[in-house]
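J.: From first to last, the protein sequence lines stand for chains F and Z. Counting with this note's numbering, you get residues 8 to 416 for the letters of the first sequence. Counting with this note's numbering, you get residues 894 to 1348 for the letters of the second sequence.
Everything labelled a hint here was simulated from the structure, so no lab data went into it. Every residue, glycine too, gets a C-beta built ideally from N, C-alpha and C. Certain hints may be false.
Beta-carbon label-pair distances, calculated as ranges [what the hints assert, rightly or not]:
1) F/210 - Z/960: 47 to 53 Å
2) F/124 - Z/979: 53 to 59 Å
3) Z/1108 - F/198: 52 to 58 Å
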Amino acid sequence: MSVSRRGFLKGASVAPLAWGIGSPVPHLLRRALADSEKKVDGPILVVVQLSGGNDGLNTVVPFQDKRYRQARPKLAIPAADVLKLSEGLGLHPALRGFADLWEREQLAIVQGVGYPQPNRSHFESMDIWHTCLRKSDPRTDGWLGRALDQWSATRTASDPLALHLGAEKQPLALVSRQVRVPSIRSLDQFRLNAGEEREAISQLVKAQRADDEDDLLSFVQTSTASAIDVSGRFGKLRDGGAKPHDYPATALGAKLSTVAQLIAASLETRIYYVELDGFDTHAQQPAAHSSLLKQLGDAVQALNRHMADLGLGDRVLTLCFSEFGRRVAENASDGTDHGAAAPVFLVGNRVAPGLIGTHPRLDDLDQGDLKFHTDFRQVYASILDSWLGVSSEKVLGGKFDALPAIRAI
Amino acid sequence: MAPSLKSIDPEWAWSPFVPSAEQPWNRRLAAHLRRRSGFAGTSAELDADIAKSPSEAVAAICTAVEPAEFRIDMAGLARPSLAGGDARKLPAWWLYRMLATPVPFLERVTLFWHGHFATSAAKVTDPELMYRQNELLRRHALGDFGQLVHDIARDPAMLLWLDSATNRRLHPNENFARELMELFCLGEGQYTEQDIRELARCFAGWEVRRGNFRLNPEQQDPGSKSILGSTGEFSGDDGVDLVLRQSAAPMFIVQKLVRDFVFDEPAASPELLEPLARQFREQGLKTLPVIQRILSSNLFFSRHALARKVKSPVDVAVGFLRALSGTTNFVKLAQDLGELGQDLFFPPNVKGWDGGRTWINSSTLLGRANLIKGLLDSGATRFNGGSLRDFLTRQGTSDSQAIVHRLEELLFAVPLPPAARAQTVELIDRKTGDWEKHLRGALHLVCTLPEFQLA
């Protein structure tokens, strides 16, 4: 069973309360107790970013299409090996985890996702996915960051609204004007080692600075204060929480098991963001791609099952995306170069399971790449409007038609 | 009040700094120069700097030559790290080099190029190739940028890193051609996808054989190519030259130099950068004169530059140790810096480290504080060979006020808040217990404050 919020707070009321900046303790205590009575039931989004450009064509495989085999004499997945989804389409054989989700009607595959004038630079394309803005626009925040800004106006929670788990730099998608999103590598590492000076440090970090015009300094200051607060809270979780089992012993498995641990502890965090890197398969693709897809499918499947076991299946939606797909034709290094449109995956109890949109045509390419027919901002619009309850128009800077991807309760 | 960055005259910005009553040439500015040009200055270095004029101090830093003996020693020290075949041993070697060198400026610029031509041992694996690339970056760090690009294009570590070692005539691999334009020379948007495809053909047959560059004539593509508006039967070297000849190249590089040496944000406007780009172009892409001009400039010593950078993890650790003449366990330190997001020889991707605010998040902030704590708690950490107490006493700072003042001067680009100063004095002055422990506790406290993260 999950670590209850009450149990979680028991330690907290004994130890000095570490969260809540500068407020007097009695008020904080009251709020913490009130929070413990409050039911935490908001929808949660878990984002799994597949960095490097996932080869969508070898992920959702049009195994009966002649052109597929012609373009990929060495890399085509044999028809006999695919995990069949429908007439002519199948999953990469390493995606057993996704196949299981498909069987249990927990998986929606949005096909042919991209955007106009595709950019084939990793960084530029990822920035476009993160911000929904092109290079010519000033990009100071990300799509999820803008959603956080909308929430923060009415926020009473003491937990961070979003968390990034991983050692890499924080994704631009989470950057917000008002909210600092913590990045944590692991719960164990997330603590401040300080002896007798701890209290003094905590106070001095929060103390008012004379020059509040210095936005770089105030950025570092608010980030430091938030780090010290959140680490205090996680300290209690770390010491009290049980580690979930049944996750694959992979990097993504470890990250998603930490996500599960935090969700199970009734944290009020609404967005968890993790990355799986390595999809830039320019050379010797088959083994690398296969191992990445296995890692992805198995870890997402484990999270989905775990949430269902805890009775939280209705609250958790997982989104898996990559910055672009890959060139239809293989290259000479047993790999593929940067491409354009690719599938996006949505996982959870509340997705409308099945295929959304058709597979992009292999006989109608744009400079050798698959053409998109569904804008990634339509995927975002569906998540924002139908899942997170945030106006997508504000976040995306325009109206995008939602997809039939999420079921109403 | 100095004018806002937007209204600054580019000619004034890059003219030699003239001290004024408002901005006098003092230890604070000298510490800024040392932090940015190297990692940090010692008290003695600051004294030596202010005895000269600012431009003389900059010139001395920029023209210092690494003694041959030191170079030989460092090469010898690398050997055991390379012999085991494990590239994980290289970061500690480089950190040691950064700390021990009499010319930290050279290491700083080499690190800049490592971030620019970011190649990771995670893929290259062979430490010998990574070491050779590191030496190549150091050799050309302050020389001719064009030559550096030509050499990096044939560098085995780079060839393996960007898959150009598997370039075939019939299926040229686009990875290197793309990054040559996007990340190394021109910047995104200065070329078309078609340019990438054509440029990739120039590098067909560029291979690595037994750890060395080799041109495989059978795989070369002798045909005509159209690249960036020129058409011809271009070779790989021609391709590099075509890219270097683009007008976007000097601007792209000086913009990165300004971001590295002057301020993280905002992005400098093309108008502001133009005088530097012009100089870089007119002087045949020679790096040293441009950096020297940047470091000597009005803008560099103005409030737009002071404390306008977030320290990188290397700045935090090497700066801390250099300022206090410290030494420590470098293997441990290298691991810790990896945890903080700056794993030398293992950059996160070909774009290198983004730097600026991206260094900062809850994990890295706790990690930075814990790194300093770890250094102070470790028996391997010594200050000028001894205790912190002896080090400070020998510098003539033995009362708490003077100690805090000295630490502030050496380690901080912004003044400490008065409350922090008072608290630190109080911590040092605790009557009971071990004074060395109190000193170290106080030092840890100030290094956990947000001010410490700025350079």
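J.: For every hint, state whether the structure bears it out.
T.: Against the structure, the hints come out as follows:
1. F/210 - Z/960: 47 to 53 Å: For residue 960 of chain Z against residue 210 of chain F, whose Cβ atoms are near 48 Å apart, the range 47 to 53 Å holds.
2. F/124 - Z/979: 53 to 59 Å: Violated, since residue 124 of chain F and residue 979 of chain Z (Cβ atoms, about 45 Å apart) do not stay within the stated range.
3. Z/1108 - F/198: 52 to 58 Å: Holds, since residue 1108 of chain Z and residue 198 of chain F (Cβ atoms, about 54 Å apart) stay within the stated range.
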